[in-house]
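Chains as they are written, first to last, in this note's numbering: chain A, 1 to 375; chain B, 1 to 375.
Since the hints were made in silico from the structure, they are not lab data. Heads up, a few of these hints could be off.
Repeated chains share a single entry, so a pair holds when one copy, or any two copies, can fit it.
[To be verified] Below, in silico cross-link-like pairs of lysine-lysine (DSSO-like), each with a Cα-Cα straight-line distance of 30 Å or less:
{"id": "1", "residue 1": "K302", "residue 2": "K247"}
{"id": "2", "residue 1": "K372", "residue 2": "K329"}
{"id": "3", "residue 1": "K329", "residue 2": "K235"}
{"id": "4", "residue 1": "K372", "residue 2": "K247"}
{"id": "5", "residue 1": "K267", "residue 2": "K235"}
{"id": "6", "residue 1": "K372", "residue 2": "K235"}
{"id": "7", "residue 1": "K267", "residue 2": "K302"}
{"id": "8", "residue 1": "K79", "residue 2": "K66"}
{"id": "9", "residue 1": "K247", "residue 2": "K267"}
{"id": "10", "residue 1": "K372", "residue 2": "K302"}
{"id": "11", "residue 1": "K79", "residue 2": "K302"}
{"id": "12", "residue 1": "K235", "residue 2": "K247"}
{"id": "13", "residue 1": "K66", "residue 2": "K247"}
Chain by chain, the residues run as shown.
Number of protein chains: 2
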Amino acid sequence: MSFIATPQSMHFPDALPLQSGASIRDYHLAYETYGQLNADQSNAVLVCHALNASHHVAGYYPGEEKSTGWWDNMIGPGKPVDTDKFFVIGVNNLGSCFGSTGPMHINPDTGRVYGADFPVVTVEDWVNAQARLLDRLGIQRLAAVLGGSLGGMQALSWTLQYPERMRHAVVVASAPNLTAENIAFNEVARRAIVTDPDFHGGNFYQHGVIPQRGLRIARMIGHITYLSDDVMNQKFGRQLREGLELKYSTQDIEFQIESYLRYQGDKFSSYFDANTYLLITRALDYFDPARRYGGQLSQALKVASARFLLVSFTTDWRFAPARSREIVKALLDNGLQVSYAEIDAPHGHDAFLLDDPRYMSVMRSYFENIAKEVA
Amino acid sequence: MSFIATPQSMHFPDALPLQSGASIRDYHLAYETYGQLNADQSNAVLVCHALNASHHVAGYYPGEEKSTGWWDNMIGPGKPVDTDKFFVIGVNNLGSCFGSTGPMHINPDTGRVYGADFPVVTVEDWVNAQARLLDRLGIQRLAAVLGGSLGGMQALSWTLQYPERMRHAVVVASAPNLTAENIAFNEVARRAIVTDPDFHGGNFYQHGVIPQRGLRIARMIGHITYLSDDVMNQKFGRQLREGLELKYSTQDIEFQIESYLRYQGDKFSSYFDANTYLLITRALDYFDPARRYGGQLSQALKVASARFLLVSFTTDWRFAPARSREIVKALLDNGLQVSYAEIDAPHGHDAFLLDDPRYMSVMRSYFENIAKEVA
Numbered sequence: 001m002s003f004i005a006t007p008q009s010m011h012f013p014d015a016l017p018l019q020s021g022a023s024i025r026d027y028h029l030a031y032e033t034y035g036q037l038n039a040d041q042s043n044a045v046l047v048c049h050a051l052n053a054s055h056h057v058a059g060y061y062p063g064e065e066k067s068t069g070w071w072d073n074m075i076g077p078g079k080p081v082d083t084d085k086f087f088v089i090g091v092n093n094l095g096s097c098f099g100s101t102g103p104m105h106i107n108p109d110t111g112r113v114y115g116a117d118f119p120v121v122t123v124e125d126w127v128n129a130q131a132r133l134l135d136r137l138g139i140q141r142l143a144a145v146l147g148g149s150l151g152g153m154q155a156l157s158w159t160l161q162y163p164e165r166m167r168h169a170v171v172v173a174s175a176p177n178l179t180a181e182n183i184a185f186n187e188v189a190r191r192a193i194v195t196d197p198d199f200h201g202g203n204f205y206q207h208g209v210i211p212q213r214g215l216r217i218a219r220m221i222g223h224i225t226y227l228s229d230d231v232m233n234q235k236f237g238r239q240l241r242e243g244l245e246l247k248y249s250t251q252d253i254e255f256q257i258e259s260y261l262r263y264q265g266d267k268f269s270s271y272f273d274a275n276t277y278l279l280i281t282r283a284l285d286y287f288d289p290a291r292r293y294g295g296q297l298s299q300a301l302k303v304a305s306a307r308f309l310l311v312s313f314t315t316d317w318r319f320a321p322a323r324s325r326e327i328v329k330a331l332l333d334n335g336l337q338v339s340y341a342e343i344d345a346p347h348g349h350d351a352f353l354l355d356d357p358r359y360m361s362v363m364r365s366y367f368e369n370i371a372k373e374v375a
Numbered sequence: 001m002s003f004i005a006t007p008q009s010m011h012f013p014d015a016l017p018l019q020s021g022a023s024i025r026d027y028h029l030a031y032e033t034y035g036q037l038n039a040d041q042s043n044a045v046l047v048c049h050a051l052n053a054s055h056h057v058a059g060y061y062p063g064e065e066k067s068t069g070w071w072d073n074m075i076g077p078g079k080p081v082d083t084d085k086f087f088v089i090g091v092n093n094l095g096s097c098f099g100s101t102g103p104m105h106i107n108p109d110t111g112r113v114y115g116a117d118f119p120v121v122t123v124e125d126w127v128n129a130q131a132r133l134l135d136r137l138g139i140q141r142l143a144a145v146l147g148g149s150l151g152g153m154q155a156l157s158w159t160l161q162y163p164e165r166m167r168h169a170v171v172v173a174s175a176p177n178l179t180a181e182n183i184a185f186n187e188v189a190r191r192a193i194v195t196d197p198d199f200h201g202g203n204f205y206q207h208g209v210i211p212q213r214g215l216r217i218a219r220m221i222g223h224i225t226y227l228s229d230d231v232m233n234q235k236f237g238r239q240l241r242e243g244l245e246l247k248y249s250t251q252d253i254e255f256q257i258e259s260y261l262r263y264q265g266d267k268f269s270s271y272f273d274a275n276t277y278l279l280i281t282r283a284l285d286y287f288d289p290a291r292r293y294g295g296q297l298s299q300a301l302k303v304a305s306a307r308f309l310l311v312s313f314t315t316d317w318r319f320a321p322a323r324s325r326e327i328v329k330a331l332l333d334n335g336l337q338v339s340y341a342e343i344d345a346p347h348g349h350d351a352f353l354l355d356d357p358r359y360m361s362v363m364r365s366y367f368e369n370i371a372k373e374v375a
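Can you build the whole structure from these sequences, using the hints too?
And the structure:
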C-alpha cells in the first residue's frame with residue numbers, strides 16, 4: 001500500500017547565480033514531502049532525481065492511474081527509507097519538465113517562452129537551488145542526501161558544496177564523471193533532437209510542434225544503455241514479434257526488442273521536453289568535481305565530511321562498479337567513513353530502480369542506522 | 001608499398017532467387033582480384049565485407065588520394081594474406097552502394113530506381129551471389145573464405161551452403177547471430193534514417209535529397225559500438241575541444257569526442273546510401289544459422305566440413321569473444337578442426353581492421369599453412 005502524495009510549488013523571486021555566469025530569477029521549484037519533520041528538524045532526507053524523473057518520488061495521486069512515484073519501492077511507510085521515521089523531500093530540478101521552471105516557461109526578462117534561451121544548469125546549480133528550498137522549509141541540516149545515477153552526482157556534490165548541512169550521502173549507481181562513451185551516447189541523443197526539423201533551434205513551442213522524431217531516437221538510445229546485454233537477451237533475445245516466420249522487411253517490426261524500443265520511444269516523446277533533454281544530458285556531461293584539481297578526485301573530495309554509502313550494480317555498464325570504486329577510493333584517501341555495496345544484479349543501470357532484496361536490505365540497514373542517530 | 005587495384009564488374013542476367021522468396025535479375029557485382037590464380041585454380045581466397053566496406057579490399061586507385069583498400073594491411077604482396085601466393089577476390093555485396101546493384105539503381109521490372117523496392121537480401125543470398133561469381137571466374141573450390149564482423153558471418157555461412165567448395169573458413173570478430181542489444185542498436189539507427197523527413201519512404205532519390213540527418217545519427221551510434229570504452233577514454237577522455245574553460249552550451253561542441261563523432265557522421269552521410277544501411281543492418285539482424293535448429297548451433301554446423309580459424313578481440317563488446325567461443329564449441333561438437341585466437345587488444349570491434357602484431361602473426365601463420373596445402 002502506498003500513500004497519497006501532494007505536489008507543492010515554491011516561488012523564488014531572487015536571482016540564483018549559475019555556474020555559467022548567467023542567473024535565473026522568478027523561478028518555481030516543484031517538490032513533494034512525505035513523513036513528518038521532527039522537532040529538531042534533524043530527520044530530513046533529500047532525494048535527487050536523474051534524467052527522466054521528478055519531485056514525485058513516492059506515493060500516488062488520487063484518481064490518476066499509474067501515478068506512483070518513481071522510487072516508491074524504496075521510500076514510504078515501512079520501506080527502506082521509512083517515511084514513518086524520515087521527512088523525505090523530492091524536488092524537481094530547474095530546467096526539467098515536470099513542474100519546476102524550465103525551457104517551456106516564460107522568461108521574465110523577455111516575456112517570451114525561454115526555449116533555447118533557458119540557461120545551461122549544472123549539478124552544482126541544482127544543489128544550490130535545492131539548498132535554497134531547504135532554507136525556506138526551515139531545514140538547516142539534512143540527515144541524508146540520496147540519489148541514483150545523475151541523482152547520485154547531486155548527492156556527491158552536496159558533500160562538497162554544503163558539507164556542514166548534511167550527515168550522510170547515499171550515492172547509488174553513479175560516477176565521479178561521465179566517460180567518453182557516456183558523453184558520446186548523450187551527444188548522439190542531442191544531435192537526434194537538435195537536427196529534427198521540428199526542433200526549430202529549440203523554439204518549437206511557438207511553431208506548435210514537438211521534435212518527436214529526435215526524442216524517440218534519444219530515448220531508444222537511452223534505453224539500450226539502461227539495460228544490460230544479458231537482461232536484454234533474457235527479456236527479448238531474438239524473439240520475433242509475430243509468429244515464427246521472418247517478414248523480410250527493413251522497416252516493419254520483426255523482433256520483440258524493436259517493438260519494445262519503439263514503444264518506449266513513442267511514450268517518452270509524447271511527454272518529455274526536448275530542451276530539457278539537452279539540458280539534463282549536458283549537466284551529466286559537465287559534472288566532474290575533480291576537474292579543478294587536475295583530475296585528482298581525492299583532492300576534490302577533501303572538503304567532504306559526510307558519511308557515505310555507495311551502491312553499484314555488477315551489470316551496469318553505463319555507471320560501472322569501477323566508477324563507484326573510484327569514489328570509494330577517493331573518500332578513503334581522505335579518511336572518510338564509507339560503506340560500499342556492489343550488488344550482483346542482472347538488470348544493468350536500471351537495477352537501482354528495481355527490487356533486488358540484497359540492495360533493498362543494504363539501503364534499509366543504512367537508513368535504520370541514520371534513523372537511530374537522528375531520533 | 002601497396003599496389004594498383006582495378007575494379008571490375010560482372011553482369012548476371014539470370015534471376016537470383018532470394019531467401020525472402022523474391023528474386024533479383026539483371027544485376028551487376030563489382031569485384032576486384034589481386035594475385036594470380038594458379039594452374040589448378042586452388043589458391044583463391046574470397047574476402048567478404050562488413051557494413052561499410054566493399055570489393056576494394058586492398059591496393060589503391062592511381063590518382064585517388066586515400067583510396068587504399070579497407071584491409072590493405074592484411075592483404076597484399078608479402079602481407080599475412082599474401083597475394084604472391086593467393087588469388088584474392090573481393091566482392092561488393094548486392095544492395096551495397098559501392099558498385100554492385102543496389103537500391104540506387106534501376107529496377108529492370110519497372111524501369112524506375114529501386115529505392116524502397118530493393119528486395120531484402122540476407123547473408124545467405126550474398127553467399128549465393130558470390131558463388132555465382134566464382135562460377136564465372138572458373139573457380140570451383142576456394143582455398144579460404146575470409147571475413148570480419150558481418151564478413152565473418154558470410155564466411156561461416158559459406159561452410160554451410162557450399163561445404164564442398166572451400167578448404168578453410170577464417171571468421172574474425174564475428175558471431176553466430178546478433179544479440180538483442182546488437183539488434184537494438186541497428187533498430188535505432190534504422191529509425192533515425194526512416195524517420196528523417198528526407199527519407200521519403202526510401203524513395204528520396206527522385207526528390208533530389210538525402211536523409212543525411214538520419215545517416216549521421218546511424219553512423220555516430222555505429223562508431224560508439226565499434227570502439228571500446230577504454231580506447232575512447234584513452235583517445236578522447238573528457239578532453240575539451242577548445243581551451244580549458246567550459247562554454248556552457250547544449251549545442252556547441254564542447255568535448256573532443258563530440259567533435260570526432262560529428263565528423264564521422266558528416267563524412268559517412270555524404271557517401272553512404274540510406275537504403276543500403278537499412279538492408280545491411282537487416283542482413284545482420286537476420287543471420288542466425290541455428291534458427292532452423294531450435295537455436296542449436298551444433299546442429300546447424302553439422303554440414304560444415306571446412307577447417308576453421310576464429311579470431312576475437314577481448315574489448316570487442318559488439319561481437320564479444322564469448323560469441324566466437326560459441327562457434328568454436330559448436331564446431332568442436334562436430335569434430336571439426338578449429339583454431340581459435342582471442343587477442344588481448346584495447347580497440348574494441350575496430351581491432352579487426354588494425355595492426356595488432358599478435359593478430360597479424362596468427363593470420364600470417366594460418367595462411368602460410370594454407371599456401372603450403374595449395375602450392
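A quick look at each hint next to the structure:
no.	hint	in the structure
1	K302 / K247	between (60 Å within a copy, 27 Å between copies)
2	K372 / K329	within (27 Å within a copy, 56 Å between copies)
3	K329 / K235	between (35 Å within a copy, 25 Å between copies)
4	K372 / K247	neither (61 Å within a copy, 45 Å between copies)
5	K267 / K235	within (20 Å within a copy, 36 Å between copies)
6	K372 / K235	neither (41 Å within a copy, 48 Å between copies)
7	K267 / K302	neither (43 Å within a copy, 45 Å between copies)
8	K79 / K66	within (20 Å within a copy, 63 Å between copies)
9	K247 / K267	within (26 Å within a copy, 32 Å between copies)
10	K372 / K302	within (27 Å within a copy, 66 Å between copies)
11	K79 / K302	neither (33 Å within a copy, 55 Å between copies)
12	K235 / K247	within (22 Å within a copy, 41 Å between copies)
13	K66 / K247	neither (35 Å within a copy, 40 Å between copies)
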